[in-house]
Amino acid sequence: MAGLLSSSPANKAEASIVEGRVGLLLLPSWVVIGILLVVPVLIMFVYSFLTQDFRGGVIWTFTLEAYDQFFLDRGLFGDEPPQIEWTYLLIFWRSFIQALFAMIFCLLIGFPTAYFMATSPPQSRSMLLFLVTIPYWVNLLIRTVSMKFLIRDTGPINEWLLAMGMIDEPIRMINTAFAVQLGLFYSYLPFMVLPIYASIERYNFVLSEAAADLYTGRWSTLFRVVIPSVKPGIIAGCILVFIPSLGAFLAPDLLGGAKNFMIGSLVEEQFKGQAGDWPFGAAVSMILLTIIMGILLVYARNQTQSTSRGH
Amino acid sequence: MRKFTKLMAAATMVLATGQAVAAEKLSIYHWFEYIPQELLNKFTAETGIEVVMDTYDSNEAMLANLKAGALGSYDVAVPGDYMVKIMAGEGMLDSYSPSELKNFGNIEDKWLNVDFDNGRKHSIPYQWGSTSFSVDTNVYSGDINTTGIIFNPPSELQGKVNVLDTAGETLVLASIHMGFPQCSTDKAQLKALSQMLDGAKKHWASFNSDGAKDVLVSGDASAGMIWNGFGAKARAEKASLKYAYPKEGYIVWMDNVVLLKDAPNRAAALKFMDFLLEPENAAAVTNYARYAAGVKGVAPYLDPELAEARENNPPADAPSGVFVQVCDQATQSLYDAIWTRLKK
Amino acid sequence: MPATKRNPRHGGIEMARATEKVKWYPGFREITLACFFILYAPLIIVMIYSFNASQSITIWGGFSLHWYEKVFYGVEAAKFKTATVNSLIIAVMAAIVSTVIATAAALAMVRGKAFKGKSLTFGLINLPLMVPEIVTAVATLIFFSVIGFDRGLLSILLAHIVFCIPFAYLPISARLQGISSIYEQAGRDLYATPGQTFRLILFPLMVPGILSGFLLAFIISLDDFIITNFVKGAGVETLPTAIFGAVKQGIKPNIMAISTLMLTVSIVLVSISYLISRMGRQE
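Chains as they are written, first to last, in my numbering: chain A, 1 to 311; chain B, 312 to 655; chain C, 656 to 938.
Think of the hints as simulated: they come from the structure by calculation, not from any bench.
Take these hints with a grain of salt, some might be off.
[As the list claims (entries may be wrong)] Result set (SDA-like, lysine to any residue): computed pairs, CA atoms no more than 25 Å apart in a straight line:
hint	chain 1	residue 1	chain 2	residue 2
1	B	Lys353	B	Met364
2	B	Lys378	A	Phe45
3	B	Lys512	A	Asn260
[To be verified] Ranges of calculated distance between the beta carbons of each label pair, as one might list FRET restraints:
hint	chain 1	residue 1	chain 2	residue 2	range
4	B	Gln643	A	Val46	50 to 56 Å
5	C	Ile693	A	Thr216	28 to 34 Å
6	C	Ser926	B	Gly510	54 to 60 Å
7	A	Tyr215	C	Met934	42 to 48 Å
8	A	Phe96	C	Ile703	51 to 57 Å
9	B	Glu548	A	Val46	32 to 38 Å
10	A	Leu296	C	Asp805	42 to 48 Å
11	C	Phe718	B	Asp509	46 to 52 Å
12	B	Asn429	A	Trp160	56 to 62 Å
13	C	Ala841	A	Val46	50 to 56 Å
Just so it is clear, the structure is predicted and the values come from calculations on it, not from any experiment.
Glycine is no exception: its CB is placed at the ideal position from the N, C-alpha and C atoms.
Construct the complete structure from the given sequences, taking the supplied hints into account.
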């Protein structure tokens with residue numbers, strides 16, 4: 001995962017075995033990703049300016065209708081003076097906040113876990129790493145379904161609490177914002193642990209010792225020495241939790257009762273649901289993509305700055 | 312290495328042509344949980360035609376998917392009455408002549424000349440039933456026969472209502488609740504309808520069609536819109552659920568097997584339609600889905616329980632249900648806007 | 656991804672002992688335990704309930720393999736079997752193709768000299784990781800629809816290859832970076848052609864990374880739901896889409912049995928990947 005964040009330094013081999021073949025070796029990646037991802041995104045951009053046909057389908061006429069619908073409210077019948085449409089902005093805002101909280105909770109649990117793992121003796125370390133990798137490899141759908149089963153009104157948690165007499169009626173968890181939040185947190189927790197673990201494992205603890213020798217407090221060492229050194233891993237983890245959370249579909253659909261839309265479910269509804277408004281779905285996707293690329297650009301710029309300062 | 316290349320080439324061929332052995336194939340686009348797997352197996356055994364099936368959970372989702380390019384990949388679909396009319400209007404249906412179906416005569420007379428497909432040129436009856444809602448009588452013991460249960464729920468049911476995620480039926484039931492006609496063009500009425508729904512949404516737990524039974528059985532919801540047969544299945548799993556016949560009115564419908572335009576295998580589609588008009592097979596669907604077939608001669612094959620089930624036998628004092636009407640494009644756009652506003 | 660881990664060496668034993676003290680933080684062990692509990696509790700509970708004899712899924716009715724029998728021999732067995740076969744065909748093919756592409760790319764990126772557009776290429780290879788899955792799904796669906804490409808197994812495979820590339824690339828390039836170029840230099844000094852050098856020297860050294868990349872791509876393809884759901888054609892199901900379809904109508908015990916089986920497959924694959932990475936380290 002760390003590869004997302006650091007470009008690999010080329011070995012300064014004198015006569016590399018790939019000399020003169022670099023283009024040929026990269027051609028398949030360029031062609032495949034270019035044709036099957038870059039071109040489709042460009043077509044999607046064009047699509048967001050097309051006219052929606054009545055009851056699904058598109059007409060190839062240019063219009064700003066999709067973006068107008070996203071940003072402006074012209075009343076139920078479209079005859080009122082335009083006002084700012086808060087609904088979709090609210091969906092974006094809600095998704096943003098939920099992704100942010102998922103990221104924060106994952107960090108609060110994930111960092112100490114990664115730290116503890118990386119500082120364990122080698123034997124138990126590889127065992128812990130093994131254990132944290134398994135949920136990462138288990139199908140996300142299955143993990144979401146497991147969570148749904150666990151927290152519903154008649155699920156094991158409520159049944160046990162009832163049986164123990166701790167509650168009189170089931171605690172409503174399913175189909176709430178809490179459930180979606182929990183689902184996001186649970187879905188992406190391993191994504192936070194792994195990259196942080198990787199950077200703490202590389203961290204040289206001599207630095208912590210030096211700090212201790214200078215009578216720096218334990219916690220102050222953590223925040224002033226350890227965390228700044230493993231920052232790349234923390235940021236990688238945060239991005240790996242935040243981005244998929246922002247576009248999540250399974251958690252809001254299965255745990256949130258499809259009532260409180262998040263961006264992912266809003267888009268899905270346009271294509272697989274009954275709305276059938278492809279241009280609008282394309283526009284929403286385009287807006288989401290722009291936001292995420294913006295975040296990544298800011299991050300990439302910060303990283304280049306900090307590396308160039310470092311040298 | 313060479314062997315490996317050959318293997319890859321063979322695998323690519325399989326992918327490109329779809330199936331290695333090109334057995335005859337029928338593609339069905341069907342409602343979820345609406346046909347028993349055993350019946351499909353029986354069809355394959357009788358005709359040698361392999362069946363693949365995709366499912367949808369609302370008439371509108373099916374229409375949107377077909378219009379978005381899936382037309383031409385399915386042979387038959389199973390739209391409700393009003394949707395048959397819409398699809399015919401969009402030119403999405405192929406027609407057949409009665410002579411192409413040897414069991415055409417099995418269609419019940421009252422379902423032969425229907426206004427959505429007069430004389431049955433594109434469709435055959437599949438099942439018919441009603442749409443209202445079921446209530447968990449352990450949670451709420453008051454009168455359930457009113458649409459207020461859904462749109463103005465009593466305190467016991469607030470926050471525990473599930474609504475079908477389908478514009479057609481949900482908006483019509485809402486109109487019935489308000490006492491408005493369908494396809495109203497009166498803007499004041501439409502505004503009132505939209506406002507009423509916005510207020511009601513606060514008390515709803517979820518929009519769910521394919522989980523409509525499960526949310527009631529699991530207790531995630533204590534009242535929920537549901538189709539009568541699905542409601543009967545829910546009651547079989549949880550006896551305290553009761554299907555309502557609201558005094559304001561409710562919806563009746565008929566689902567129909569239609570021959571889609573550009574069907575990849577029209578002959579197989581006709582064989583399948585013929586197969587479903589056999590009384591024994593139509594009865595098998597009814598016994599599974601708990602609705603009613605529009606086919607003659609099914610009685611001897613029916614599960615006797617169906618004759619007494621509340622879901623299939625409205626009480627004497629219940630009003631009769633209404634069909635969903637097809638509005639013209641301009642009016643439909645207004646209802647679409649209400650639905651979009653409600654869902655967002 | 657265990658395969659990409661580097662072995663830390665923080666000095667001798669005495670020093671390590673002194674470090675132990677500064678390493679320790681109160682509460683971290685407890686948080687770690689909580690973290691593992693959160694990660695595993697839902698999975699283990701589903702696993703337990705998959706052996707429930709009772710018809711009702713929440714009431715325990717004793718141990719039974721009834722639901723497993725249903726998975727393999729029940730009415731829906733054929734549907735899930737086809738879906739599983741589809742999933743496996745797609746995952747194997749997508750993993751093979753993306754691993755080959757990623758290996759070529761890793762060679763060029765790690766062993767090649769700096770060239771114009773290198774960081775752009777790096778961005779392109781990682782693009783599928785950065786674009787949210789739902790956006791990739793929408794773009795791919797529109798693309799196939801515009802060019803009139805038939806949606807079926809092949810459309811799913813093409814979409815999977817794209818997002819598997821960066822996942823295969825990561826362990827392969829990490830491994831390659833860890834292999835010193837003196838081996839190739841030695842080969843070249845002995846007048847081996849670049850092809851021979853690659854086949855006889857570099858490739859065998861890269862095998863652990865390539866296998867990890869393949870496994871990761873395989874599992875990522877096997878797991879994908881969102882993109883598959885958008886680009887699949889009429890009547891084509893993969894295991895995740897079939898499970899999703901079933902789950903929408905309620906969690907039935909047979910779904911729990913299927914989940915448990917998939918969980919087992921994941922554990923086996925992680926174990927294999929773990930062993931491969933150990934094999935890589937011992938060299």
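Take a look at whether the Cβ-Cβ distance between Glu548(B) and Val46(A) falls inside 32 to 38 Å. Violated: the Cβ-Cβ distance is about 49 Å, outside 32 to 38 Å.
Given a hint of 51 to 57 Å, does the C-beta separation of Phe96(A) and Ile703(C) actually sit inside it? Check failed, 37 Å falls outside 51 to 57 Å.
Cβ distance range 28 to 34 Å for Ile693(C) and Thr216(A), holds or violated: 32 Å, holds
Hint says 54 to 60 Å; check whether the CB-CB distance for Ser926(C) and Gly510(B) agrees. 55 Å, holds
Has the given pair, Lys512(B) with Asn260(A), been kept, meaning a C-alpha gap of at most 25 Å? 11 Å, holds
Ala841(C) and Val46(A), beta-carbon distance inside 50 to 56 Å? 53 Å, holds
Can you let me know if the beta-carbon spacing of Leu296(A) and Asp805(C) is within 42 to 48 Å? About 34 Å separates the Cβ atoms of Leu296(A) and Asp805(C), which means 42 to 48 Å is violated.
Tell me if the straight-line CA distance from Lys378(B) to Phe45(A) falls inside 25 Å. 21 Å, holds
Quick one: are Asn429(B) and Trp160(A) within 56 to 62 Å, going by C-beta? 59 Å, holds
Whether the CB-CB distance between Tyr215(A) and Met934(C) falls inside 42 to 48 Å: Given about 45 Å between the Cβ atoms, the range holds.
Is 50 to 56 Å respected by the C-beta to C-beta distance linking Gln643(B) and Val46(A)? About 28 Å separates the Cβ atoms of Gln643(B) and Val46(A), which means 50 to 56 Å is violated.
Lys353(B) and Met364(B): Cα distance at most 25 Å? With a Cα-Cα distance of about 15 Å, the restraint between Lys353(B) and Met364(B) holds, given a limit of 25 Å.
Violated hints, listed in ascending order, are 4, 8, 9, 10; each of the other numbered hints is respected by the structure.
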